[in-house]
Amino acid sequence: MNQKTTLVLLALAVITIFALVCVLIAGRGGDGGEASQPHYCPSGTPSVQPWTHPGQNQLFADLSREELTAVMSFLTQKLGPDLADAAQARPSDNCIFSVELQLPPKAAALAHLDRRSPPPAREALAIVFFGGQPQPNVTELVVGPLPQPSYMRDVTVERHGGPLPYYRRPVLLREYLDIDQMIFNRELPQAAGVLHHCCSYKQGGGNLVTMTTAPRGLQSGDRATWFGLYYNISGAGYYLHPVGLELLVDHKALDPAQWTIQKVFFQGRYYESLAQLEEQFEAGRVNVVVIPNNGTGGSWSLKSQVPPGPTPPLQFHPQGTRFSVQGSRVTSSLWTFSFGLGAFSGPRIFDIRFQGERLAYEISLQEAVAIYGGNTPAAMLTRYMDGCFGMGKFATPLTRGVDCPYLATYVDWHFLLESQAPRTLHDAFCVFEQNKGLPLRRHHSDFISQYFGGVVETVLVFRSVSTLLNYDYVWDMVFHPNGAIEVKFHATGYISSAFFFGTAQKYGNQVRENTLGTVHTHSAHYKVDLDVGGLENWVWAEDMAFVPTTVPWSPEHQIQRLQVTRKQLETEEQAAFPLGGASPRYLYLASKQSNKWGHPRGYRIQTVSFAGRPLPQNSSTERAISWGRYQLAVTQRKETEPSSSSVFNQNDPWTPTVDFADFINNETIAGKDLVAWVTAGFLHIPHAEDIPNTVTVGNGVGFFLRPYNFFDEDPSINSADSIYFQKHQDAGSCEVNSLACLPKDPACAPDLPAFSHGGFFTN
1 MNQKTTLVLL
11 ALAVITIFAL
21 VCVLIAGRGG
31 DGGEASQPHY
41 CPSGTPSVQP
51 WTHPGQNQLF
61 ADLSREELTA
71 VMSFLTQKLG
81 PDLADAAQAR
91 PSDNCIFSVE
101 LQLPPKAAAL
111 AHLDRRSPPP
121 AREALAIVFF
131 GGQPQPNVTE
141 LVVGPLPQPS
151 YMRDVTVERH
161 GGPLPYYRRP
171 VLLREYLDID
181 QMIFNRELPQ
191 AAGVLHHCCS
201 YKQGGGNLVT
211 MTTAPRGLQS
221 GDRATWFGLY
231 YNISGAGYYL
241 HPVGLELLVD
251 HKALDPAQWT
261 IQKVFFQGRY
271 YESLAQLEEQ
281 FEAGRVNVVV
291 IPNNGTGGSW
301 SLKSQVPPGP
311 TPPLQFHPQG
321 TRFSVQGSRV
331 TSSLWTFSFG
341 LGAFSGPRIF
351 DIRFQGERLA
361 YEISLQEAVA
371 IYGGNTPAAM
381 LTRYMDGCFG
391 MGKFATPLTR
401 GVDCPYLATY
411 VDWHFLLESQ
421 APRTLHDAFC
431 VFEQNKGLPL
441 RRHHSDFISQ
451 YFGGVVETVL
461 VFRSVSTLLN
471 YDYVWDMVFH
481 PNGAIEVKFH
491 ATGYISSAFF
501 FGTAQKYGNQ
511 VRENTLGTVH
521 THSAHYKVDL
531 DVGGLENWVW
541 AEDMAFVPTT
551 VPWSPEHQIQ
561 RLQVTRKQLE
571 TEEQAAFPLG
581 GASPRYLYLA
591 SKQSNKWGHP
601 RGYRIQTVSF
611 AGRPLPQNSS
621 TERAISWGRY
631 QLAVTQRKET
641 EPSSSSVFNQ
651 NDPWTPTVDF
661 ADFINNETIA
671 GKDLVAWVTA
681 GFLHIPHAED
691 IPNTVTVGNG
701 VGFFLRPYNF
711 FDEDPSINSA
721 DSIYFQKHQD
731 AGSCEVNSLA
741 CLPKDPACAP
751 DLPAFSHGGF
761 FTN
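The UniProt record's numbering numbers the first residue of the sequence shown as 1 and each following residue consecutively.
I should point out that these hints are in silico values taken from the structure, not numbers from a laboratory. Quick caveat, the model's predicted, so the values are computed rather than measured. Any given hint could turn out to be false.
[Stated by the list, open to error] In silico lysine to aspartate or glutamate, EDC-like type, Cα no more than 16 Å apart, as pairs:
| id | residue 1 | residue 2 |
| --- | --- | --- |
| 1 | Lys672 | Asp543 |
| 2 | Lys567 | Asp529 |
| 3 | Lys252 | Asp154 |
| 4 | Lys78 | Asp154 |
| 5 | Lys727 | Asp446 |
| 6 | Lys106 | Asp543 |
| 7 | Lys638 | Asp673 |
| 8 | Lys252 | Asp222 |
| 9 | Lys78 | Glu175 |
| 10 | Lys592 | Asp673 |
[As the list claims (entries may be wrong)] Have a look at the derived ranges for each label pair, beta carbon to beta carbon:
| id | residue 1 | residue 2 | range |
| --- | --- | --- | --- |
| 11 | Pro715 | Trp654 | 46 to 52 Å |
| 12 | His426 | Ala257 | 55 to 61 Å |
| 13 | Pro308 | His426 | 39 to 45 Å |
| 14 | Arg561 | Ala747 | 31 to 37 Å |
| 15 | Ala747 | Tyr724 | 24 to 30 Å |
| 16 | Gln319 | Tyr176 | 33 to 39 Å |
| 17 | Pro715 | Arg115 | 23 to 29 Å |
Where is the CB? At the ideal position from N, CA and C, for every residue including glycine.
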């Protein structure tokens, strides 16, 4: 080998070594240690964009902090210096209980959205407690225009036909605190001996907590509440630890010093007072069950007893999110809608459009009810109407990766409730796209011709969660690529329990020592303002029937032939279907327009519900939840019937502020603007597996809104997510099958934001 050749080979070797070193360095961190940052997928979690100019559609956006502050300042100025801070108000004070968005009239909203008329005035609705007036009352005031209010209008008589009695008002936190102070400081010391024996009681009762029930009495005008006492288990659900003591507190008087204990229940027996209970105990006439206080450990804690395992599956967006959130408006390639949260009624969406066409003006939760049974007074009396407590008021921050996918888009909510200043609930809503792991549709053909076609089911989800005392409700509105909308809720959280004694097993199952999981029903009511092809809609009911038919080609034989039955429903009475009764399997709202095949364009309402029996109509409180009589009812839409329930129904269910049954008065529903009212629910008999928590599995109900001849064909046929290939094609080719492109695309890692939590409100 000559010298020239040797030099050339040496040079090539040096170049090769240099190149390898460069590759090695490029693959390492700058200090030669850690690997360099991976290539991240684009726009993992898009930030929520605020409204940027007045022309944008914010008709349905909840009030901003600035608007809430402006309303409070205006009301404080107009109502005078006697206003107390609701956080500290006593029953004899005047205070502003709540401020939230006053929804615009539908006609004015549509004129703006569809015909570019000026937007209706943006207004707020304030609920004011006037405990300091000669005749204490509750007043509703509309304040506007926002953001700079100049007027307020008393709408109480207009909406409710008269003044609202003061005893109907929701209970303020201050009132609960005053009741606790009365119980622990004034009353419990009278039974210190028996309580120390059963429940490790010490002066002040720091190891005990109270839990409210409702309704508060047995007739209009009452304000007397049964409170159950439980061990105060820090960091775990005290709801599972009743000590067997329940107190009936009369708190109707405006002066808390005049509140009294009307009745005492202790471990199966009733007493006139705590003093009488103590006297009977000292005389040896009370059989006391000692309730162990087992502290924070045990099966009632939500803290896992095992270390973390491998990370669960994670969904991410390899090419960025396919939807956007701007203010309160969500937009995807298929769907647009505006969202909000009623302080009392809960989640709601408006102006829902698929491929640009409005399907519904409003879909909103109205009320949620839990009706209990038991052999203790608190259990047997309880009918929680959660709208009174507030499904928006008690919305909770959504925990990233548990309540919603880690990479969901999270949105804050501003509110003014029992306070002089607005507050912010961080991460109150989430919006995300979800691969369901299920084909929306598919077909594999091996006959005549060989091909495969299908599309994955990818949905857009809007979610919020409310925690009402012990129960957590997950509220979902799900948008499918074929034009269907799914509305559902799941119940989780802790069960409510009672002291186990006597015939307790008639009312549930024993779930731990001395503890009964009490039977109850969950029901939710929804307003569905469908606008199918416009405002004029008709209601159709379709089902099936077998008809005896002579066989045409063999007349001596007969068959039972299946055929469709069709009926147009003319009145509200015809379109009100009692819960548990027969109802058509296909019920849909249709327009006067027809599709290509001559059928009226329609949207079907399909319920998925296992509701327990409704409260009997001879119950004194049934009228407050008379919507529970019906699994589905369709009525004319009226501005005077905006809601099926009221925040005031809970504390006076005997003379309800809103009685939904009054909406159904046999008016025509042919060619009118219609609202469907849907009930979904289930029966829950608590069992051992509800400890520590009720799971969502099997505890979800709701309904679908499905296109029924609304289109000429399935609109998802044109989905960009579809795939199709034939036998002679190379299914592994990126040009033939978009899924085949995935292995060929540059790999990216999801750009995960740091974990955060919206925090806890301390009262």
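So, going through the hints one by one against the coordinates:
Taking the CA atoms of Lys672 and Asp543, the gap is about 23 Å. The hint is violated against a cut of 16 Å. With a C-alpha separation of about 22 Å, the suggested pairing of Lys567 with Asp529 is violated against the 16 Å cut-off. Restraint check for Lys252 and Asp154: not satisfied, since their Cα atoms lie roughly 26 Å apart, outside the 16 Å limit. Restraint check for Lys78 and Asp154: satisfied, since their Cα atoms lie roughly 13 Å apart, inside the 16 Å limit.
Taking the CA atoms of Lys727 and Asp446, the gap is about 9 Å. The hint holds against a cut of 16 Å. Distance check on the hinted pair: Lys106 and Asp543 sit about 33 Å apart at the alpha-carbon level, beyond 16 Å; violated. Using a Cα cut-off of 16 Å, the hinted pair Lys638 and Asp673 holds, with the two alpha carbons roughly 9 Å apart. Using a Cα cut-off of 16 Å, the hinted pair Lys252 and Asp222 holds, with the two alpha carbons roughly 7 Å apart.
With a C-alpha separation of about 26 Å, the suggested pair Lys78 and Glu175 falls outside the 16 Å cut-off, and the hint is violated. The suggested pairing of Lys592 with Asp673 holds, with an alpha-carbon distance near 12 Å, which does not exceed 16 Å. Pro715 and Trp654 have their C-beta atoms about 49 Å apart, which keeps the hinted 46 to 52 Å range intact. At about 39 Å, the CB distance of His426 to Ala257 disagrees with the hint of 55 to 61 Å.
Distance hint for Pro308 and His426: a CB-CB separation of about 25 Å, inconsistent with the stated range 39 to 45 Å. Under the hint 31 to 37 Å, the C-beta atoms of Arg561 and Ala747, about 58 Å apart, miss the expected range. In this structure the hint that Ala747 and Tyr724 lie 24 to 30 Å apart at CB holds, the actual value being about 26 Å. For Gln319 and Tyr176, the hinted distance range of 33 to 39 Å is not satisfied, since their beta carbons lie about 51 Å from each other.
Take Pro715 and Arg115: their Cβ atoms lie about 26 Å apart, and the range 23 to 29 Å holds.
Hint violations for this structure: numbers 1, 2, 3, 6, 9, 12, 13, 14 and 16, all remaining hints satisfied.
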